[in-house]
Amino acid sequence: MKTASNTATRVNSRGNSSEHPSGDERFRMLDTSLKKLRYQPDALIEVLHSAQGLFGYLNNDVLFYVAHALKLPPSRVYGVATFYHFFTLQPRGRHSCTICMGTACYVKGSGEILVAMEEKTGLKDGVTAEDGSLTLSTARCLGACGIAPAVVYDGEVAGQQSPEDALKKLQSWEAEDGQE
Amino acid sequence: MDKSELQAIAGKERGARKPVCVSCCTAAGCLSAGGGDVMDSLREELSASGASQKVEVRAVGCMKLCSRGPLVRVEDTSDGRPVADGARLYEKIKPSQAPVLIRAAGEGEAAELPMVDLSHPFFTRQRPIVLENCGVVEPERIESYIEADGYLALHKVLRDMTPEEVVKTITQSGLRGRGGAGFPTGIKWSLVAKAISEKKYIVCNADEGDPGAFMDRSVLESDPHRVLEGMAIAAYAVGASEGYIYIRGEYPLAINRLQTAIRTARRLGLLGSRIFEAPFDFNVDLRIGAGAFVCGEETALMASIEGRRGNPSPRPPYPAEHGLWGHSTLINNVETFANIAPILRRGAEWFASVGTEKSKGTKVFALAGKIANTGLIEVPMGITLREIVEEIGGGDPDGQVKAVQTGGPSGGCIPARHLDTPVDYESLAELGSIMGSGGMIVMDDSNNMVDVARFFMQFCMDESCGKCLPCRAGTVQMHGLLEKIRDRRATADDLALLEELCDVVKYTSLCGLGQTAPNPVLSTLRFFRHEYEELLQKEVTLA
Amino acid sequence: MSPQKKHFRPRIATVWLAGCSGCHMSFLDLDEWLFDLAEIADVVFSPIADVKEYPENVDAVLVEGAVANEDNLELIRKVRARTKILVAFGDCAVTGNVTALRNPLGGPEVFLERAYVQEADTQPGIPRDHSVVPELLPRVLPLHQVVKVDAYLRGCPPSPAAIRDLLLSALGGEKEKE
Amino acid sequence: MKVTTLTINGELVSASPGATVLEAARENGIRIPTLCALEGLSTVGACRLCLVEVKGSPRLQPACVTAADEGMEVSTDTDRLRRYRSMILELLFAERNHVCPVCVANGHCELQDRARQAGMDHVRLPYQHPDLPVDITHARFGVDHNRCILCTRCIRVCDELEGAHTWDLAGRGTNARVITDLNQPWGDAVSCTSCGKCAEACPTGAIFKQGSTVGEMEHRSDRIRFISAARARKEWSP
Chain A
2 MKTASNTATR
12 VNSRGNSSEH
22 PSGDERFRML
32 DTSLKKLRYQ
42 PDALIEVLHS
52 AQGLFGYLNN
62 DVLFYVAHAL
72 KLPPSRVYGV
82 ATFYHFFTLQ
92 PRGRHSCTIC
102 MGTACYVKGS
112 GEILVAMEEK
122 TGLKDGVTAE
132 DGSLTLSTAR
142 CLGACGIAPA
152 VVYDGEVAGQ
162 QSPEDALKKL
172 QSWEAEDGQE
Chain B
0 MDKSELQAIA
10 GKERGARKPV
20 CVSCCTAAGC
30 LSAGGGDVMD
40 SLREELSASG
50 ASQKVEVRAV
60 GCMKLCSRGP
70 LVRVEDTSDG
80 RPVADGARLY
90 EKIKPSQAPV
100 LIRAAGEGEA
110 AELPMVDLSH
120 PFFTRQRPIV
130 LENCGVVEPE
140 RIESYIEADG
150 YLALHKVLRD
160 MTPEEVVKTI
170 TQSGLRGRGG
180 AGFPTGIKWS
190 LVAKAISEKK
200 YIVCNADEGD
210 PGAFMDRSVL
220 ESDPHRVLEG
230 MAIAAYAVGA
240 SEGYIYIRGE
250 YPLAINRLQT
260 AIRTARRLGL
270 LGSRIFEAPF
280 DFNVDLRIGA
290 GAFVCGEETA
300 LMASIEGRRG
310 NPSPRPPYPA
320 EHGLWGHSTL
330 INNVETFANI
340 APILRRGAEW
350 FASVGTEKSK
360 GTKVFALAGK
370 IANTGLIEVP
380 MGITLREIVE
390 EIGGGDPDGQ
400 VKAVQTGGPS
410 GGCIPARHLD
420 TPVDYESLAE
430 LGSIMGSGGM
440 IVMDDSNNMV
450 DVARFFMQFC
460 MDESCGKCLP
470 CRAGTVQMHG
480 LLEKIRDRRA
490 TADDLALLEE
500 LCDVVKYTSL
510 CGLGQTAPNP
520 VLSTLRFFRH
530 EYEELLQKEV
540 TLA
Chain C
26 MSPQKKHFRP
36 RIATVWLAGC
46 SGCHMSFLDL
56 DEWLFDLAEI
66 ADVVFSPIAD
76 VKEYPENVDA
86 VLVEGAVANE
96 DNLELIRKVR
106 ARTKILVAFG
116 DCAVTGNVTA
126 LRNPLGGPEV
136 FLERAYVQEA
146 DTQPGIPRDH
156 SVVPELLPRV
166 LPLHQVVKVD
176 AYLRGCPPSP
186 AAIRDLLLSA
196 LGGEKEKE
Chain D
48 MKVTTLTING
58 ELVSASPGAT
68 VLEAARENGI
78 RIPTLCALEG
88 LSTVGACRLC
98 LVEVKGSPRL
108 QPACVTAADE
118 GMEVSTDTDR
128 LRRYRSMILE
138 LLFAERNHVC
148 PVCVANGHCE
158 LQDRARQAGM
168 DHVRLPYQHP
178 DLPVDITHAR
188 FGVDHNRCIL
198 CTRCIRVCDE
208 LEGAHTWDLA
218 GRGTNARVIT
228 DLNQPWGDAV
238 SCTSCGKCAE
248 ACPTGAIFKQ
258 GSTVGEMEHR
268 SDRIRFISAA
278 RARKEWSP
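Residue numbers (my numbering), protein chains in the order written: chain A, 2 to 181; chain B, 0 to 542; chain C, 26 to 203; chain D, 48 to 285.
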């Protein structure tokens, strides 16, 4: 934790566009976003969007970096990052299964899909498996109500899903990963 | 940019049209059913077939009957035929069917593919104003919007009207906010117009958060310029020069299309400085939400635009006095802004002639749930729920319609026996529901109302920001009691406690989320109390 | 127990569930007033009296402690069925208090494991004979989550004066009804 | 500017110009219960205990943020308000693990005081019993999340008076927690100046001085008002 703070401070003291001591290129790309947003503290959410796009998730190192760059207190950056569902402070799994819990999907049985997946994987909504294989999550509404219930597997929307469909998909991922 | 240039763009666009137009829906509903591949195949097939002199393929927005997507419409206007005569709507199209479609289109024949009956009430009972361009114009091409009279209203306003006249027109039209509460739009505008503020802002609330609602998304994906034009007119009317569209991060396609729309409008001088050579500047920026339902509440939304946690603040002060960064701010939702250009183009009287005494115009609904025709509909205010559910929606294919839910987690369940209620703000409120932003979910016998109430309560509990105690802790307790009732562990005392909590949370919460969170419970208790009572136990059962 | 006299003589009881007995200590701190109490009422059941079975027709009972195990549960239900006025006596009975501190930490197995296995000096092993160690409930509950409670006496422990005042008003109320 | 005249509980009272309903009531010796409000800090209207009825307004208004307007008719102590306040307190007690007999602030706790004043003798709602941590990594202070009511006084005092902004709120809804810096142990929070204002401002035993045992933590929240007046108005009156 303290190292994170120190690295970020050092970066800042040498100017915003310098390289991050970790040598991670992505910080340079984050600098580009920061510059585009003119280091405005108001743009915190936009910056976090870019950071998550680059790093996949927001770890403390990144959050400190953002706080220093925008001259914001770290606690405020953390507070904002944890307020919004879209931001994640943990790395995501190799595969993702997002079950739509919009009303249209729920009345057509998406709740049962979630229960089946939770029982099978032992994961809860929003949790990533310890081995990093899968992130199970729910969405408030994908707007795909016409094909309810909808499930997003690795970014692909599938309609008219049943618990069996979801479990089958899970098996196919396990088989895939087993081969690798 | 002046009017002649605008007309020149429209003329050029019209001149380039081909006699036969194949339109493929590229809104999210059809894309998630494979519409993107259909679009690509149609384009490839067209260039391979050599029919491009006669046939064109257009990537349009939502064609409304989402449950039958991907949808492709073919309109044949060769030999001067009116569009309506030669229109065919094909459903559930696969990429492999592109050759058949293109060949048939070229030969002016119907393809032997499943077709939707365009004379079905689903289409004929609709009254498109907001959705007039939806499924018609190409959302990624500003020229297509201009061809459909786009930006004419903005021109008229800037050249021929004073800001006061614009506000007056909107007031006279009787338009009320389409975000849910139905506050008169003209009054809201006049408050901001009158406010003394160094700077003013226009905010478009596109944080469509109700689960089961996709009206705003469809409008933004299908006709984004309409919203920009409405915002620009509003900016002129109230004296603002900057605007923000706060849009859900879950809508990447709508974000993308808005970005394109802003870029192209700026390039043509329809946004920026001295628009239409008038002393009027207006710029729009996007702010991407990050997944918080409460940000639909206007004070929370502003906090989020300012880069803070989306916590609501007590009102007053209202945004009209003390909005973004302390400046006077006008906030309307997508559908409200989408109504502005047609009102100014066609007049307040024309708009006021549609709808009822107190609810003018139309309302867009996302019709979903246990119903045959799922999709996007726009209907005149005053239409009955029965007409929507049974005629437009085609009823419940599997069971008996039991209730219609409107207003999402802030709304209520209206039982089947009240289906003859007209759809207007007051009538829905009398039944303990609200118009809401436009989600309409049909439920049947297989849906237990206690569980429906629990579902919405879970939503409110997950989305509570945590700032005020009654909402933060009250939703948790109400959810627990609903679970207890559903699981047959509750007694009559628990039900009484639930009702007391509903009262407390409704009247003591800080913002609309908490104040309306008990609504799904109260409305199901009002109409389906027996479903609760059937589950109650005489003795205390420990978990 | 003396047979019922002609004039009304209230039958009172005190019960000790999951608590530290501090509330009973406070009760005993009423000292000589206890003689006065004996003048006006019969104490028909109490941890300080050797009565095995909770009797029928009790007018008022002070229940100390929360409901933490099956024995507590069985007893409190019996107490409720046989008593007119049930008083939640002290913070454990009213809120769960210190006895409920286990609730946030998980189910009973966690504590049994800790107490009888990890911390055991000799012969580690969880006693499964519930006649020896009663089966723990999943959560410790305040009385009113289990049975109807008529009056609440807060305090850890409630002061002797508060106990006396409550008893007098409860007994007075019953007397008036006669 | 002249004084404002309004009616509170049927009595005509006068209030300083610009006063809120809460200030107007206090100036006239009328008690309105509060938890999140603290003199010297900004107001947030979050705890909802100070809701009052204002004639002509369909909604209840939080006295702490509502301006006392000329001619206003306010009721602060109706049956309905008492019922709501009692339930709000029950909700607070059921939300986390408030075990008064073993709390450092026992006897000096605003939550406990409000409950006693409201005559709340038991909590009808099931206790949630969340599993929450206690952080005693700071050399002089500790924070026990079991006792936190999320009033955000610590956050405001740290930001507005000390200027360090060590505290903020993380998460949301029932999962919201006060945090220091990046939700790290308080002792590791580099922004903290160890000034102790948060401990003085805390209404319960959530933030406490290390070494205090049951009932020993007395908050001096009047110091917050003192510092605020000194900073803003150069007035050093106790």
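Hints in this document: simulated from the structure, not taken from any laboratory. Note that the structure is predicted; figures quoted are calculated from it, not measured. Worth double-checking, as some hints may not be accurate.
[Stated by the list, open to error] Taking lysine-lysine pairs in the DSS-like style, the calculated list, with each CA pair at most 25 Å apart, reads: (1) B/Lys167 / A/Lys169; (2) B/Lys198 / A/Lys37; (3) B/Lys155 / B/Lys93; (4) D/Lys49 / D/Lys256; (5) B/Lys155 / B/Lys167; (6) B/Lys155 / B/Lys193; (7) B/Lys505 / D/Lys102; (8) B/Lys17 / B/Lys167; (9) B/Lys53 / B/Lys155; (10) A/Lys72 / A/Lys125; (11) A/Lys169 / A/Lys125; (12) B/Lys537 / C/Lys103; (13) B/Lys91 / A/Lys170; (14) B/Lys2 / A/Lys170; (15) C/Lys103 / C/Lys77; (16) B/Lys11 / B/Lys167; (17) A/Lys169 / A/Lys121; (18) B/Lys155 / B/Lys2; (19) B/Lys537 / C/Lys109; (20) D/Lys102 / D/Lys49; (21) A/Lys72 / A/Lys36; (22) A/Lys72 / A/Lys121; (23) B/Lys537 / C/Lys173; (24) C/Lys77 / C/Lys173.
Hint check results:
The hinted pair formed by B/Lys167 and A/Lys169 fails the criterion: a straight-line CA distance of about 60 Å is larger than 25 Å. Restraint check for B/Lys198 and A/Lys37: the C-alpha separation of about 23 Å stays at or below 25 Å, so the hint holds. With a CA separation close to 44 Å, the supplied pair B/Lys155 and B/Lys93 exceeds the 25 Å bound. With a CA separation close to 44 Å, the supplied pair D/Lys49 and D/Lys256 exceeds the 25 Å bound.
Restraint check for B/Lys155 and B/Lys167: satisfied, since their Cα atoms lie roughly 15 Å apart, inside the 25 Å limit. The suggested pairing of B/Lys155 with B/Lys193 holds, with an alpha-carbon distance near 22 Å, which does not exceed 25 Å. Pair hint B/Lys505 plus D/Lys102 holds up; C-alpha atoms about 19 Å apart against a cutoff of 25 Å. Simply put, B/Lys17 and B/Lys167 have alpha-carbon atoms about 41 Å apart, too far for the 25 Å limit, and the pair is violated.
A threshold of 25 Å between alpha carbons decides the hint, and for B/Lys53 with B/Lys155 the separation of about 36 Å lies outside it, so the pair is violated. Pair hint A/Lys72 plus A/Lys125 does not hold up; C-alpha atoms about 36 Å apart against a cutoff of 25 Å. Restraint check for A/Lys169 and A/Lys125: satisfied, since their Cα atoms lie roughly 19 Å apart, inside the 25 Å limit. For the hint pairing B/Lys537 with C/Lys103, the CA-to-CA distance comes to about 17 Å; that is within 25 Å, so the pair holds.
Distance hint between B/Lys91 and A/Lys170 is fulfilled; the C-alpha atoms sit about 23 Å from each other, no more than 25 Å. Distance check on the hinted pair: B/Lys2 and A/Lys170 sit about 56 Å apart at the alpha-carbon level, beyond 25 Å; violated. For the given pair, C/Lys103 sits about 13 Å from C/Lys77 by alpha-carbon distance, which is consistent with the 25 Å threshold. Restraint check: the Cα-Cα separation between B/Lys11 and B/Lys167 comes to about 35 Å, which exceeds 25 Å; the hinted pair is violated.
Between A/Lys169 and A/Lys121 the alpha-carbon distance is near 11 Å, which keeps this suggested pair within the 25 Å criterion. As the CA atoms of B/Lys155 and B/Lys2 are separated by approximately 9 Å, the hinted pair is consistent with the 25 Å bound. Between B/Lys537 and C/Lys109 the CA atoms are separated by roughly 20 Å; this keeps the pair inside 25 Å, and the hint holds. For the hint pairing D/Lys102 with D/Lys49, the CA-to-CA distance comes to about 23 Å; that is within 25 Å, so the pair holds.
With a C-alpha separation of about 14 Å, the suggested pairing of A/Lys72 with A/Lys36 holds against the 25 Å cut-off. Taking the CA atoms of A/Lys72 and A/Lys121, the gap is about 45 Å. The hint is violated against a cut of 25 Å. Proposed proximity of B/Lys537 and C/Lys173 is supported: the alpha carbons are some 13 Å apart, at most 25 Å. A hinted pair counts as satisfied when its Cα atoms are at most 25 Å apart, and C/Lys77 with C/Lys173 qualifies at roughly 24 Å.
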